[in-house]
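From first to last, the protein sequence lines are chains A and B. Sequential numbering of the first sequence, starting at 1, is according to full-length UniProt numbering. Sequential numbering of the second sequence, starting at 1, is according to full-length UniProt numbering.
Worth flagging that the hints you see were computed from the coordinates, not collected in a lab. There may be inaccurate statements among the hints.
[Claimed, not checked] Pair by pair, the computed Cβ-Cβ distance ranges are:
id, chain 1, residue 1, chain 2, residue 2, range
1, B, E20, A, Q105, 25 to 35 Å
2, B, K74, A, I256, 38 to 48 Å
3, A, Q105, B, N69, 56 to 66 Å
4, B, Q71, A, G178, 20 to 30 Å
5, B, K33, A, F100, 37 to 47 Å
As the structure is a computational prediction, the values presented were derived from the model and not from experiment. Ideal placement from N, C-alpha and C gives every residue a C-beta, glycine not left out.
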Amino acid sequence: MTVEISEKLSEPQKKKINWLNVTYPWIVPIVIVIAWQLVGSLGFVEEHILPTPSKILTTFGTLLGNGELFYHLTVSGQRVLLGFALGVGVGVLLGVMTGFSRLAQEVIDPSLQMLRTVPLLALIPLFILWFGVGEFGKVFMISIGAFFPVYVNFFLGIRLVDQKLIEVSEILQFSFWGKLTKVIIPSALPNILLGIRLALGTSWLVLVVGEMMGTSAGIGYMIQDARAYAQTDIVFVGLVMFALLGKCSDSLVYAIERKSLKWRDTFKG
Amino acid sequence: MSERALVIERLNKIFTTPNERVVALREIDLQVKQGEFITVIGPSGCGKSTLLKIVAGLDVEYDGKVELNGQQIKGPSLEKGFIFQEPRLFPWLTVEKNIAGDQSLKDPKVRGKVHELIRLVKLEGFEKAYPKELSGGMAQRVSIARALLRKPDILLLDEPFGALDAFTRSHMQEVLLNIWETNKTTMIFVTHDLDEAVFLGQRVVIMNPRPGHIKSVLPIELSFPRKRSSLAFQEMRRTVLNEFEKVEEESYTVGAGI
Numbered sequence: 001m002t003v004e005i006s007e008k009l010s011e012p013q014k015k016k017i018n019w020l021n022v023t024y025p026w027i028v029p030i031v032i033v034i035a036w037q038l039v040g041s042l043g044f045v046e047e048h049i050l051p052t053p054s055k056i057l058t059t060f061g062t063l064l065g066n067g068e069l070f071y072h073l074t075v076s077g078q079r080v081l082l083g084f085a086l087g088v089g090v091g092v093l094l095g096v097m098t099g100f101s102r103l104a105q106e107v108i109d110p111s112l113q114m115l116r117t118v119p120l121l122a123l124i125p126l127f128i129l130w131f132g133v134g135e136f137g138k139v140f141m142i143s144i145g146a147f148f149p150v151y152v153n154f155f156l157g158i159r160l161v162d163q164k165l166i167e168v169s170e171i172l173q174f175s176f177w178g179k180l181t182k183v184i185i186p187s188a189l190p191n192i193l194l195g196i197r198l199a200l201g202t203s204w205l206v207l208v209v210g211e212m213m214g215t216s217a218g219i220g221y222m223i224q225d226a227r228a229y230a231q232t233d234i235v236f237v238g239l240v241m242f243a244l245l246g247k248c249s250d251s252l253v254y255a256i257e258r259k260s261l262k263w264r265d266t267f268k269g
Numbered sequence: 001m002s003e004r005a006l007v008i009e010r011l012n013k014i015f016t017t018p019n020e021r022v023v024a025l026r027e028i029d030l031q032v033k034q035g036e037f038i039t040v041i042g043p044s045g046c047g048k049s050t051l052l053k054i055v056a057g058l059d060v061e062y063d064g065k066v067e068l069n070g071q072q073i074k075g076p077s078l079e080k081g082f083i084f085q086e087p088r089l090f091p092w093l094t095v096e097k098n099i100a101g102d103q104s105l106k107d108p109k110v111r112g113k114v115h116e117l118i119r120l121v122k123l124e125g126f127e128k129a130y131p132k133e134l135s136g137g138m139a140q141r142v143s144i145a146r147a148l149l150r151k152p153d154i155l156l157l158d159e160p161f162g163a164l165d166a167f168t169r170s171h172m173q174e175v176l177l178n179i180w181e182t183n184k185t186t187m188i189f190v191t192h193d194l195d196e197a198v199f200l201g202q203r204v205v206i207m208n209p210r211p212g213h214i215k216s217v218l219p220i221e222l223s224f225p226r227k228r229s230s231l232a233f234q235e236m237r238r239t240v241l242n243e244f245e246k247v248e249e250e251s252y253t254v255g256a257g258i
């Protein structure tokens, strides 16, 4: 009996890829692209309003070939990575502080909550006045965008740890390190990962806004520049790039989430 | 065997809230021998769980003498194992990691001990299972194994089988007796189930509420393994029940404030 059960337990990890599940998410995009192509090819819409997918793909190839796309991508990527890392770092630090200490919570949290209610984009004029249109202002703004979701969710994650499990760790005389790695972090992980996912989303958003407010490189600039010359196909290439990058980074965190949270017994639809 | 593991003398515990002062335990005297199996029974509010928490070191604000192996209890320690009513497993750790806790399974010594305990609580094949995959009885067995890994001198059990169905409960009682006979761990087992108290205990401590105190301590002179259907067991059960009913009458005549 026990042998049977242990086989059953190890089964899900070795499960083969289910092709139906892989194809499902693609049905809607593929139908849309086909319809889009038809609308353009049959001449219903003019090209400078809505270029066809095939035209966008050709432009994509050209931009990739002459290195322009790659250049803008590196600039944007650097900004996002730097801002994101900075925001997450400070968010983790302050979230852990307020999570563990009531004193820190009472001193720091109310001010941060007040700042959080200020719409980030309303700060743009101030940032331009203070930092000009240079790199620092952009990276700083991205980091503020990434900071809040991480801060709020770290704090929440730590505070949601079950007191009963903390009691167990005290009875079993866990060291502080043991308590942290076996109880607090695993318990807070769903919130931690949620915070990081939200932070990634905000980072991309703030990046675009930042790159449109004045710069000479980056995907956001590429879009803005193409708009000025009515190169709609390049605008679309930029949009698709954002969609792909956003989706990829989100999927990465989601994959980590699924792998590290498989212990959870939650509704799976 | 005759060495006294736990000595409780004139233990008093008072809960104070801003507008009330409740005497939870009054003048508790109890001595438990090394390797003894004690069951504690009483109506709810009699302070049996409070008493257990004090012995565990989870509640250190009390008056009186509470000594384990000659040392006053001032907080939790590895000599005192505790089993809660709920298994309280870490849902993100597998069975073996739950038992190991903050000790590393990479250490062959720890690994050996963990697997030995998994055999003892009869959970072979479930080493890598997560708590969500276990039944209530299995999960409680994991929590017992987890407590035993620390080699406690005394195991404190707070209604550990209260949430289990009758069949699983009686199976768990046998598992526990088996562990007790193998390891000779001193046991203090709190329950509200009279049958369980008589089946497991070498002595049954009957407690009375408002304020919580020990009404009487009855020795159960039946050899193990005990048979519930035997005449002697039924006789013993009736004796304890009589004593227990006296307690209930008393608490009702006092009014219990309800």
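How the hints compare with the structure:
Our hint of 25 to 35 Å for E20/B and Q105/A holds, since their Cβ atoms are close to 30 Å apart. Between K74/B and I256/A the C-beta distance comes to about 43 Å, which sits within the given range of 38 to 48 Å. Under the hint 56 to 66 Å, the C-beta atoms of Q105/A and N69/B, about 41 Å apart, miss the expected range. Taking the beta carbon of each, Q71/B and G178/A are about 24 Å apart, inside 20 to 30 Å as hinted.
Distance hint check: the CB atoms of K33/B and F100/A are about 43 Å apart, consistent with the given range 37 to 47 Å.
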